[in-house]
Structure formats: structure tokens, C-alpha cells
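*Asks:* What follows is the residue order along each chain.
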Amino acid sequence: MRFMMLVKHAENLSGPPPKELMDAMAKLSEEAVKAGTLVDSGGLAPTAMSTRVRLSRGQVAAIDGPFTEAKEVVGGYAVFELKSKAEAIEGALRFMELHKKHWPGWEGETEIRQVFGPEDFPPKA
Amino acid sequence: MTATDTHRAIDAVWRIESARIIAGLTRIVRDVGLAEELAQDALVAALQQWPESGVPDNPGAWLMATAKHRAIDHFRRNKRLERKHQEFGRELQTQQEMAVPDFDAALDDDIGDDLLRLVFISCHPVLSTEARVALTLRLLGGLTTEEIARAFLAPEPTIAQRIVRAKRTLAEERVPFEVPRGAELAARLSSVLEVIYLVFNEGYSATAGDDWMRPALCEDALRLGRILAELAPKEPEVHGLVALMEIQASRSRARVSSSGEPILLLDQNRAHWDQLLIRRGFAALERAERLGGMRGPYALQAAIAACHARALTPEETDWARIVALYEALAQLAPSPVVELNRAVAVAMAFGPAAGLELVDGLTAEPSLRGYHLLPSVRGDLLKKLGRFDEARAEFERAAALTRNARERELLLDRARACAGSSTPPAEPR
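Residue numbers (our numbering), protein chains in the order written: chain W, 4 to 128; chain C, 7 to 435.
Read the hints as simulated data drawn from the structure, not as lab findings. Hints should not be assumed to be uniformly reliable.
Here are the simulated distance ranges between beta carbons [to be verified]: (1) C:L418 to W:I115: 20 to 30 Å; (2) C:L318 to W:A73: 44 to 54 Å; (3) W:F119 to C:R327: 26 to 36 Å.
Capping the alpha-carbon separation at 30 Å, the derived lysine-lysine pairs in BS3-like fashion look like this [stated by the list, open to error]: (4) W:K30 to C:K240; (5) W:K88 to W:K74; (6) W:K37 to C:K390; (7) W:K11 to W:K22.
From the three backbone atoms N, C-alpha and C, an ideal C-beta is built for every residue, glycine too.
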């Protein structure tokens with residue numbers, strides 16, 4: 004089963020993440036690569052560099068960032084191939100524990116979303 | 007956390023940690039069967055304690071420490087192993103002295119080697135192929151006996167027996183827990199790759215049963231391959247196998263219709279191919295190439311798969327290159343099945359008549375006598391040449407030979423389609 008993890012947090016942070024956190028996250032993702040489970044990941048540029056193309060009330064419009072009204076934005080993602088959702092939750096817990104340990108005061112969440120695969124489209128027979 | 011949540015967490019922790027724990031324990035107790043029992047004991051302890059105490063901060067280290075204590079108890083009970091016990095006690099003491107908080111780091115140095123040793127022992131040639139597969143999925147894939155049984159459509163007691171016997175054989179034969187060196191390495195590594203690819207193929211083209219694919223097995227095999235690629239990064243064929251599996255798996259969604267019928271490669275909707283897996287496959291193939299791997303059978307097959315993955319439409323396929331790759335493969339690992347595939351590529355590159363000539367040379371091949379793809383390919387080429395009656399007979403023969411119910415339907419459909427064509431149409435080449 005494939006899962007996408009979306010890491011969300013307030014955009015206006017006091018500064019870059021502590022080095023300890025970066026190191027710990029690097030080690031965690033290295034372990035996941037070695038375990039054959041992490042298949043893709045990336046950090047996202049700030050919303051100041053982003054654009055939303057929105058359909059609303061019959062109008063399509065492109066709106067440039069930053070999106071200051073958003074309390075939390077997606078800052079990064081990772082794609083895992085795992086045996087179960089429980090495994091995804093366990094991974095996300097470990098990831099958030101690192102933040103708790105190395106970045107006091109930081110708040111945010113990891114949203115776990117399953118990506119549908121062939122097994123989710125069973126033949127209609 | 008509710009008790010159900012905790013149980014789910016324990017399952018997940020087990021899946022993530024079990025291979026490392028079993029590998030680490032095997033190094034200490036020198037018996038993979040005993041190591042697995044001890045790890046299982048630790049799992050049982052977790053199931054008893056965690057719902058009360060909560061999941062510990064470092065669950066993997068907790069399981070490892072618990073298993074090690076069980077190991078000490080075990081050795082205490084076995085006086086005859088007194089000497090080993092002392093060695094082991096010393097090792098444990100040293101590790102405890104090395105600050106418990108970073109238990110993992112203390113183990114890190116060896117854990118990769120231990121895992122690799124576990125891979126090699128699970129795929130050891132003293133075991134039957136079936137036993138290697140079951141043991142590898144169990145010890146490295148973290149699958150339960152029930153899951154393995156379900157994947158291979160075998161009764162659970164059969165798989166359980168197979169695993170017990172495999173562990174006993176390893177103990178009786180005193181198979182060392184080591185990474186083979188020198189000339190032995192190549193042969194042993196190919197046994198490991200064979201086991202992984204077998205698991206993948208069982209998932210990719212299920213040889214029996216009603217399902218055309220069992221995607222979970224493909225994912226298990228891919229995971230094992232990716233682990234192995236990190237453990238043995240300098241072995242080109244490991245990357246070749248990973249590339250082959252990534253690219254083949256990228257087509258999973260496209261190769262079955264919504265009603266469950268298989269869709270052949272050239273008829274697939276390429277928009278449904280998984281670009282992430284294709285990209286990973288290309289990257290793995292590049293690693294194999296950089297390591298000089300283009301003389302390995304898996305890397306060559308991956309290069310063939312990559313030719314298809316690169317073509318945005320079937321017409322863009324570089325068939326001449328595929329023919330050349332099959333020729334290289336046939337020289338390296340001659341087999342009638344490779345010859346048959348080469349014939350298909352030749353037909354695509356140079357026309358069905360050229361392909362049929364090669365296929366006709368294979369019909370007397372004894373090892374292909376029960377192989378349904380031979381009449382299937384022959385039928386396809388005959389049909390392209392407008393020889394419909396002969397084509398129909400071949401498709402019917404192929405249908406009678408396959409053990410896969412879905413594939414049989416597909417072949418019978420093709421046979422019926424031939425019966426409907428009386429005049430040779432102008433077939434595009």
C-alpha cells in the first residue's frame with residue numbers, strides 16, 4: 004500500500020529548523036530508504052513562491068501567494084510503500100517525536116493519506 | 007490509545023523491526039530458529055505489557071533488549087551452553103554499558119551486516135527453493151505464516167512445516183551466519199536474487215488461481231530488493247533486479263481491465279503506468295550500468311523493460327534495440343524462453359514472418375512442451391500473417407495449457423476472434 008505523508012505547520016516560523024532536527028530527520032529517512040519503504044520525498048517552497056488556480060462561482064482565477072490567511076500549510080511530503088496503515092502511523096509518530104525532541108515549541112501535523120493502487124480497484128467481475 | 011490501537015501499533019513495530027532484531031539475535035545465538043523464537047517471545051511480552059504500560063519511546067530497542075534477556079534465560083537453562091553464555095553475557099554487559107538511550111546507534115555498525123547475513127542464510131542452497139522463499143518472506147519480509155500461506159494459496163500448516171523444517175536444516179547443517187566471500191559470493195547472491203524475483207513473479211503473474219496479480223507479493227519483493235540494494239550497493243545485478251521489478255511493477259495498474267481481464271503490454275493505456283516507479287527503475291538501471299552491470303541477466307532484462315517504459319506509444323518502441331538486448335541475454339543465459347521472447351521482438355522489428363521462423367524452430371523444444379506462451383505467441387504471429395485457422399488452433403492449445411483462469415479466458419477470446427475472421431485483413435505491421 005502506498006501512502007503520502009503531508010507535513011503541515013504554520014508558515015511563519017521563527018527561523019530554520021535546528022540542526023539536530025535536520026540530522027535526526029536525515030537519519031530517519033536514511034533508515035526508511037534502507038528498509039525499502041521510502042520511495043519519494045521532497046520539501047516545498049514557501050507559499051510566497053506559489054500560485055493557486057481556483058474555480059469559484061463559475062470563475063477560474065490564478066491567485067499568487069503568499070497565503071497569509073492559512074494557519075498551516077504543507078511544507079513537505081514523503082511517499083512510502085508499506086504493508087499497512089498502522090505502519091504508516093508508526094512512521095509518522097516517530098517523525099513527530101523527533102520534532103518534539105529537537106524543536107521545542109514547534110507545532111504541526113503529519114497527515115497520512117493512502118494513495119490508491121491496483122489492489123484498490125478490484126475487478127467488477 | 008485503546009487496546010486495539012496498541013495492538014495495531016505492535017503489529018507495525020514488528021513489521022518494521024523484526025528483521026533487524028532477528029538478524030542481531032542470530033549473530034549472538036548463532037541459530038536462526040532460536041533467534042526467531044526469542045524475538046517472538048519478546049513480541050508476546052510486548053502484547054502483554056504495552057496495552058498496560060503504553061508503547062515505549064524506542065519500541066525496537068525495547069523488543070531487542072527483551073529478546074536478549076530471554077536469550078540469557080535460555081542459556082542459563084542450558085548448562086551445556088555455559089561457555090557461549092559467558093561470551094554472550096559479556097557482550098550484553100558491554101552493550102549495556104554503552105549508554106542505553108542510543109541503543110540503536112550501538113547496534114548500527116553491525117546491523118547492516120547482520121541483515122545481509124540473514125538474507126544469505128534464508129536463501130541458502132541447502133534449502134529447497136520453496137523453503138528459501140517462505141523463510142525469506144518470514145524473516146526478512148516480516149510476514150506471518152498465515153500471510154505467506156494466503157499469498158501462495160497453500161494451507162497454513164504446510165507453510166508452517168516448511169519454515170520449521172528449513173530452520174532445522176540450517177541448524178543441523180551448521181550453516182554459518184556469514185556473508186559469503188570471493189568466488190562463492192556470486193553463486194550465493196544469484197540464489198538470493200532468484201528467490202526475490204520468484205516472489206515478485208508469483209505476485210506479478212500468479213501461476214495459479216483466479217487472480218491475475220497479487221500486488222502485495224510484488225510489493226514484498228520490491229521491498230526486499232530495495233533493502234538488498236542498500237545492503238550490497240556495489241553489486242550491479244542487485245540494482246539490475248530492482249530496476250526490473252520497479253519497471254514491471256509500474257505497469258500493475260494498466261495490465262488488468264476493470265473487469266479483471268489481463269491486458270497485454272502493447273494494448274495497455276500507458277497513462278496508467280506509474281511514473282514514480284519508472285523513474286526509480288531508471289535510476290536503479292543507471293546504478294547497475296555505472297557498476298558495469300550490462301553483462302548481467304537482470305540488468306539486461308531491466309534494459310528491455312526500460313525500452314518499453316521509454317516509449318510513449320507502442321509505435322515508438324525501439325524493437326531493434328530490444329532484439330539486440332535479447333541476443334545479449336541469449337548468449338549470457340541461453341534458454342528457450344529467452345529465445346521465444348527474442349522471436350517476438352524480431353517479429354516486431356522485422357515482421358511476423360521472421361518471428362514465426364524463429365518460433366517454429368522452438369516447437370520441438372522439450373522444455374517448452376507445456377508452456378502456454380509458445381502456442382500463444384505462435385497464434386499471434388499466424389494471425390498477423392492472416393493464417394486464422396492455424397492461429398485459432400494455437401490459441402486454443404495455449405488456453406488448455408495455462409493454469410491461470412483469467413488468462414485462459416483471454417486466450418479463448420482470441421481464438422474466437424480468429425474464428426470470426428475469414429478473409430485476411432490488411433494488418434498493420
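*Asks:* All hints, please: hold or fail.
*Replies:* Hint check:
{"no.": "1", "hint": "C:L418 to W:I115: 20 to 30 Å", "verdict": "violated (44 Å)"}
{"no.": "2", "hint": "C:L318 to W:A73: 44 to 54 Å", "verdict": "violated (38 Å)"}
{"no.": "3", "hint": "W:F119 to C:R327: 26 to 36 Å", "verdict": "holds (34 Å)"}
{"no.": "4", "hint": "W:K30 to C:K240", "verdict": "holds (21 Å)"}
{"no.": "5", "hint": "W:K88 to W:K74", "verdict": "holds (27 Å)"}
{"no.": "6", "hint": "W:K37 to C:K390", "verdict": "violated (47 Å)"}
{"no.": "7", "hint": "W:K11 to W:K22", "verdict": "holds (19 Å)"}
The structure is inconsistent with the numbered hints 1, 2, 6, although it conforms to all the rest.
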